[in-house]
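S.K.: Chains as they are written, first to last, in the working numbering: chain B, 5 to 281; chain S, 39 to 147; chain W, 182 to 456.
Keep in mind that a hint or two might mislead.
Have a look at the derived ranges for each label pair, beta carbon to beta carbon [claimed, not checked]: (1) B/R66 <-> S/E103: 25 to 35 angstroms; (2) B/D69 <-> S/N88: 32 to 42 angstroms; (3) W/L204 <-> S/L61: 46 to 56 angstroms; (4) S/L56 <-> W/E359: 26 to 36 angstroms; (5) B/G92 <-> W/T230: 45 to 55 angstroms; (6) S/L56 <-> B/R66: 19 to 29 angstroms; (7) S/D94 <-> B/L43: 31 to 41 angstroms; (8) B/K35 <-> S/L118: 42 to 52 angstroms; (9) B/L43 <-> W/R283: 19 to 29 angstroms.
Just so you know, the hints here were simulated from the structure itself, not pulled from any lab data.
For each residue, glycine too, the CB sits at the ideal point set by N, CA and C.
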Amino acid sequence: MTAATGPRASARLLPLPPGLSVAARQLSGVKILIPFVGLVGVWWAIYAVGEFPERVLVSPARVWDTLVVLFSHGVLAEYISTSMSMIGIATAMSLAIGVPIGFLVGSNRYAARGLEAFLRYLQGVSGIAWLPLVIIWFGFTHTTTLAVVIYTLIVPIIFNTMIGVRAVPEHYALALRSLGASRMRLITDVYLPGALPSIVVGLRLGMGYGWRALIAAEMLVRQGGLGDLIFGARTSGQIDRIIGGMILIGALYIIVDRLLVQPLENLTIARWGVLRK
Amino acid sequence: MRLLIGPDARRFISGVLLIGVILFGQQVYGMATASGRLDPSLRGATVPTNVVVVLDFMPERFHNERVAEYGTFAGRDGALNRLRLRFVSPDNLRALSKVTWIARIEPFK
Amino acid sequence: MSVETATAVRPTRHALGRLVWRLVPAAPFLIVLLIWIVLWDVFRPSQETLPSVRDVVLAISDLAASGQLAQNVTASLVRLVLGSLLGIVTGVAAGFVVGLNRNVAEILSPLVVFFNAISGIVWLPLMITWIGIGTALAVFLIWNTVFFIVFQNTVLGVQLVPEVLEQGVRALGASRTETLRSVTLPGALPYILTGIRSGLGFGWRALIAAELVGAASGLGTMIFDAAEYHRSDIIISGCLIIGTIAIIMDRWLLLPIEKRTVQRWGLVSDAEARR
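The following block holds chain B by itself, in its conformation from the complex:
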């Protein structure tokens, strides 16, 4: 979040979706690692003091070794690759399907209201609840995982596309219309840019939910991916892998969110945010 201004935090008055960091001055650069160093220190201390059996807790060094070994054996590259391609494909498809739907429905007041309740209901039934049924349909395959993740991702995208479309002040469209713009031009020059900030916010939200749904789905479908890795390691009691996998899951999400999606969000808002109500 941005630096504090008058009050203690940034004056960001939008209802904050869960998942965004605390509104505090961010530590920059290397200083960001200090809290983690502290955390590892605490971990090491707990490990050293307690007499934990190997299947309960291992040292940070051991987790590091395991990760290095798994990497050199090619296991990590493949599992990470599987998870990331899943989220990537799901994101692309959710955008391709969700944005047009959001546009179509968002432009009509009645349709928007109609869809809203339905989407909320679907959101209440988490994608994972449908997993057993989807497994019956598509088996233990990547299709199943993809279906569930898309389901999870697409709802916030549709929601936010609808909001974005409805937020575009009518006089922009009317102005262009009076100059003779076609329907298509209206969409590309007014509604799409106008809705884009909201869409990207929805995308960011959706990817947060989607990543978690992906891990959960991978735990059940067991066709590779980080969820499979940590769930499988549980059966063989390999705590080093479980912890290592968890760290990777968190780190990868943060990399994608902070280095890809958040900059995209900022750029979109900076460029087109002026059309926001």
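With the hints as your guide, set chains S and W onto chain B.
M.R.: Only chains S and W this time, still in chain B's reference frame:
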């Protein structure tokens, strides 16, 4: 556009690069070191060959499965980290040589 | 901008228009129902691929009659309440501590981001190893989910209370506690309530996921067990019930609480701004 060189754009680009390295780094490394893996006698093979895939470590089920995709798995060659593969096509042989975690590919005696 | 403003209530003059406005949210549900019936009539899929509407209705009534439904719903809800209470209490407490202290917030921020990234089901394998399958596991996962959401919203709420107000009250002689109680808490309350409402929604979803992967009772387990026997009618019943409970909980329990509590205290909240 000024936006293209701002902090967000820089972050985005570094993000893309980082993800690229994470996803493809090992593959690229494997391709770069491919020639070192294949036994000289196997280079330029034009017919399906029988080989022994040698690993530097004790393979897990994961590795056995991956290796078996390139030919017909025919058991161990003495040690657990030496896997016999029959009828490996030239294409598959080339592909195998690019796998980072394979130490050597030897001809099957 | 919140979602509801996308479909803000539009006063229409005609009774018919108002009626249509009220009923239109039901449309997608009816459409889906129609498609379901038609698909089933035309393709006659096997029971396990797509049970008929009648099958599902029968399944629900069977579950209700045998008491299984009540049992599983109760088990799930109990876990939700336990985990959520813990999550709310710890979240608000931690939120205040961190929100009031800028240095602490700054130092902890990266850690919060990281643990938030792995909140919920990612802890499942580790926790199964440490505390085994069962209610403790589910409660932990819910606590984890709810805590981070409530925590972050509380921190935000606390930080957004204009310092000017607090300083003003302090200048008039109020103690630290009084300031907290009379200025900070009401000021942060809308955000806290949003966080609670959000957290419970997510907690419910996390609960189902947790039960699906590892639990002994509850709705998630019911679905999972049904899958083993390829009872798609029970699976669908379970999903529908999960969604219904989520809606009931959110719209008829939490939203009114949020609105009424904030109304009483004369604050403007999201809920207010929407309606």
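S.K.: Each hint: holds or not?
M.R.: Results for each hint:
no.: 1; hint: B/R66 <-> S/E103: 25 to 35 angstroms; result: 26 angstroms, holds
no.: 2; hint: B/D69 <-> S/N88: 32 to 42 angstroms; result: 36 angstroms, holds
no.: 3; hint: W/L204 <-> S/L61: 46 to 56 angstroms; result: 49 angstroms, holds
no.: 4; hint: S/L56 <-> W/E359: 26 to 36 angstroms; result: 50 angstroms, violated
no.: 5; hint: B/G92 <-> W/T230: 45 to 55 angstroms; result: 30 angstroms, violated
no.: 6; hint: S/L56 <-> B/R66: 19 to 29 angstroms; result: 26 angstroms, holds
no.: 7; hint: S/D94 <-> B/L43: 31 to 41 angstroms; result: 33 angstroms, holds
no.: 8; hint: B/K35 <-> S/L118: 42 to 52 angstroms; result: 47 angstroms, holds
no.: 9; hint: B/L43 <-> W/R283: 19 to 29 angstroms; result: 20 angstroms, holds
Checked against the numbered hints given earlier, this structure breaks hints 4, 5; the rest are met.
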